[in-house]
Amino acid sequence: MPSIRAVLFDLDGVIRHFDSEHTTEIERRYGFDPGTITAVAFEPDVLEQVTTGVISRRAWVDRVGETLGSAEAAEEWGRQPSDLDAQVLAVADDLRAAGIRTAILTNGTDTIAAEAEELGLHHRFEAIFNSAEIGWAKPDARAFQHVLDALGLAASEVFFTDDSAGKLAGAEELGMPTHHFTSVDGLRGALRDAGIDF
9 MPSIRAVLFD LDGVIRHFDS EHTTEIERRY GFDPGTITAV AFEPDVLEQV TTGVISRRAW
69 VDRVGETLGS AEAAEEWGRQ PSDLDAQVLA VADDLRAAGI RTAILTNGTD TIAAEAEELG
129 LHHRFEAIFN SAEIGWAKPD ARAFQHVLDA LGLAASEVFF TDDSAGKLAG AEELGMPTHH
189 FTSVDGLRGA LRDAGIDF
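This note's numbering puts the first residue of the sequence shown at 9, with every later residue one more than the last.
Label pairs and their calculated CB-CB ranges:
| no. | residue 1 | residue 2 | range |
| --- | --- | --- | --- |
| 1 | G39 | H188 | 33 to 41 Å |
| 2 | T119 | E80 | 17 to 25 Å |
| 3 | T190 | S90 | 16 to 24 Å |
| 4 | R36 | D205 | 47 to 55 Å |
| 5 | E134 | P42 | 37 to 45 Å |
| 6 | E80 | R104 | 37 to 45 Å |
| 7 | A158 | D91 | 22 to 30 Å |
Hint data in this document are derived by calculation from the structure and do not stem from the laboratory. A virtual CB, placed ideally from N, CA and C, is assigned to each residue, including glycine.
Take these sequences, add in the hints, and give me the full structure.
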């Protein structure tokens, strides 16, 4: 089997983390039951539309506001604070230093490019692949095939990690080595088990 030449990271839940209390606090202040905003925003059909580029992030937030009956609550929800995981970024830095290519594949919206630029991610990853631009979202195997084609690599040469086990299916279907991300130490161990010396 060819050695791993690139590592593909999920963005949210691996590299970037959102404050779960942000939404809870908005629901409390606007009098919504806990979980209401999340249920509305991440309703499967709506989520698929925004992560495959059918609708914009702006339209998504507007739709959430309409469903909630509060544009103000939706606007506040849309300004979610986030933090980058310094330990995961250190893994990416170490991989690059060892000659391993790094990239991101995210189920994102049309604002990912601007967000990635603001976060400085373009300087740390060779490419950032966004489902809203690709037109297919994880776990659709076509999203992963797009990445493989763009990188010019075989499935067996690209290691993929995601914090959602369900998102690994499309990668595994193509024969990509995968890892369900739960911790940085677990990721480092999985990468070493895959034969990466870094």
